[in-house]
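Undergrad: Spelled out, the chains give:
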Amino acid sequence: MLLLAFTTFNVANAGDDTAKCSCFLDRDGDGIDDNARDLDDDGIPDQFGSQNDDEPEVDLGLANSDVFSFEISGEFDGGMEGAGLDSEASRVPNSQKFSALRMSSRALSQHRSGLTSGEDFGPGVGALSGGVVCEGGVCRPR
Amino acid sequence: MNLRPYTLITLAALISFALGSHSFADVSFDFGSSHTDASNLLNDANDFDDAYTSSDASLTFYPLSSLEWSLKGDYTYYKDFIGLGNYSLGTGMTFIPLSADSRTPLHFSSNFSGRLYREGFQDFDNNTFDISGTIGYNLSTATQMRGGLAYNSTAYVRTESSDQESFTIFTGCNASFLGSNAIDIEVGYSFASYTYIEPIDPEFPILDPNFRFVKFTDGTLKSLSFSPRYSRPLGSKTGLSVLFTYREFFDHDEAIVLGSTFENLSPWSSVWQGRAVSLNLKTYLVPHFIVSGGVGYWNKSFLRIADLDVAFLTQVVERQDEQTKFFLNIQDPIVTGAGYVLETTLGFEYTNNTSSKPLYDYSGFNLSIGFRVRM
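Protein sequence lines, in the order shown, are assigned to chains A and B. So in my numbering, spot 94 of the first sequence is number 94, and the numbers just go up one at a time. To convert a position in the second sequence, counted from 1, into my numbering, add 1000.
Bear in mind the hints are in silico, worked out from the structure with no lab data behind them. It should be emphasised that the depicted structure is a prediction, and the values quoted were computed from it without experimental measurement. Misleading hints may appear alongside valid ones.
[Stated by the list, open to error] Pairwise CB distance ranges (calculated):
hint : chain 1 : residue 1 : chain 2 : residue 2 : range
1    : B       : Phe-1216  : A       : Pro-93    : 47 to 57 Å
2    : A       : Arg-102   : B       : Asn-1299  : 26 to 36 Å
3    : A       : Pro-93    : B       : Val-1286  : 23 to 33 Å
4    : B       : Thr-1354  : A       : Pro-93    : 50 to 60 Å
5    : B       : Gln-1315  : A       : Arg-102   : 46 to 56 Å
6    : B       : Gly-1133  : A       : Cys-23    : 22 to 32 Å
7    : A       : Arg-102   : B       : Phe-1031  : 31 to 41 Å
8    : A       : Arg-102   : B       : Asp-1049  : 31 to 41 Å
[Stated by the list, open to error] Reference listing, derived: stretches of chain B covered by chain A, where coverage requires no fewer than 3 residues with Cβ under 8 Å from a Cβ of chain A:
hint : stretch
9    : 1062-1072
10   : 1233-1240
Idealized CB from N, CA, C, for every residue including glycine.
Please construct the entire structure, taking both the sequences and the accompanying hints into account.
TA: Structure, rendered in structure tokens:
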């Protein structure tokens, strides 16, 4: 039901897009331009020495459609092309499209309010996300 | 273990999987393991050093290009504090139904996990459930407003008195200005149910003949937080970020929570109000490496804490801490020909804490090395 509701909402908002920004954007607050491309998803923008510099750019279709997420009819390829995507984009696996979506919605996923705000600090990134943080005698998973 | 959140998340994922079964659904796998030497594991004046190894794995499904569903687990082993070892199993979903270019982007996520500890620490066994929803509104290509709701709960399996439940409403704005400058401001209001002691005489909380408090009260801890952040590039390969956080509690003056000298240490003893400021740098100057580091300062006031002194008399103390932290993190991701990402990470973290309560005058460091593979 929830998914259907959002589908309806999505269709209702189709064509409501804002223009794609070529200006500096920093939604995750690391000081690096969010527009920097990272095709191999290694965390290093391609322009800063990605190991896949020579790979051709694959258009995920993100700039052309806001409805690529819903292939509820089950006709995935046809639906994508109807949304303005070419056949190359339709062959891109969902994980890559989702990765691009997640990158672009970082400001929405990282709220800083609540009783633990101000505690996200330190090397708990990359491979070091396990273990615990102890504070005031109370330990909790990192 | 309450299985209802598991059931709901799994059911929603199965429905969405069925709906998207004709699309290019795929699966990813992630495994990581790290080892940490901690000079002060518990972050207090006892200075217990220990080493722990933590491993985690997750299997993630993408039935739709807008939906991620994960099954995940982790295990942590402690060399000396063996009882603190624990493992967890959980599931989570993230749903991003609209394109980033939409006028009103949406983001929903939920997670549920159960965590079990080894013998001696089983009072810490808990289930956590988090869910949040955020809507954005793009005022222009460089300015985005957002607002959202978040619910977090931690239910302890054996001791209900420590359960935590909080609800947060927040709103914020992210904007770029004057070229490569970005500012992000967020304001949030939280309220949480908690259990505290309400003494008749604040200096002498009521104890029963077994030295247990008899005046536990259920209350609501309300807090307001404000957090502006400024960020910009420094040169072509380095980013700078400065984050300020302010949080204040309301209507909590009489509340007392149990400290570490009692059997049931209150999880609310570590909740604080006050200010924090941190400066972070992230750079790609070293080819193929991600180097990040930061320094932070916290000025914290805690809820009043009841503890036993050396004569086993109850004392209620006002705890005020000043804390500084420094960290350096070096990541080396390698992409294989098959598209797998292998990442080695080296991390160092130093903490210095001065407190009005001598138990929390401490300093310590963590040195960690980790490995992660994503495929």
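Undergrad: Each hint needs a verdict: does it hold in this structure or not?
TA: To see whether the hints hold, each was checked on the structure:
1. Between Phe-1216/B and Pro-93/A the C-beta distance comes to about 53 Å, which sits within the given range of 47 to 57 Å.
2. A hinted range of 26 to 36 Å holds for the C-beta pair Arg-102/A and Asn-1299/B, which are about 34 Å apart.
3. The hinted range of 23 to 33 Å is satisfied by Pro-93/A and Val-1286/B, whose Cβ atoms lie roughly 31 Å apart.
4. Between Thr-1354/B and Pro-93/A the C-beta distance comes to about 52 Å, which sits within the given range of 50 to 60 Å.
5. A C-beta distance of roughly 49 Å is found between Gln-1315/B and Arg-102/A, which places it inside the suggested range of 46 to 56 Å.
6. Taking the beta carbon of each, Gly-1133/B and Cys-23/A are about 28 Å apart, inside 22 to 32 Å as hinted.
7. For Arg-102/A and Phe-1031/B, the Cβ-Cβ distance of about 20 Å falls outside the hinted range of 31 to 41 Å, so the restraint is violated.
8. For Arg-102/A and Asp-1049/B, the Cβ-Cβ distance of about 38 Å falls inside the hinted range of 31 to 41 Å, so the restraint holds.
9. Against chain A, the stretch 1062-1072 of chain B contributes 7 residues with a C-beta closer than 8 Å to a partner C-beta. That satisfies the three-residue criterion, and the hint holds.
10. Taking a C-beta to C-beta cut-off of 8 Å, the stretch 1233-1240 of chain B contributes 6 residues in contact with chain A, enough for the three needed, and the coverage statement holds.
Comparing the model with each numbered hint stated earlier shows that hint 7 is the single one that does not hold.
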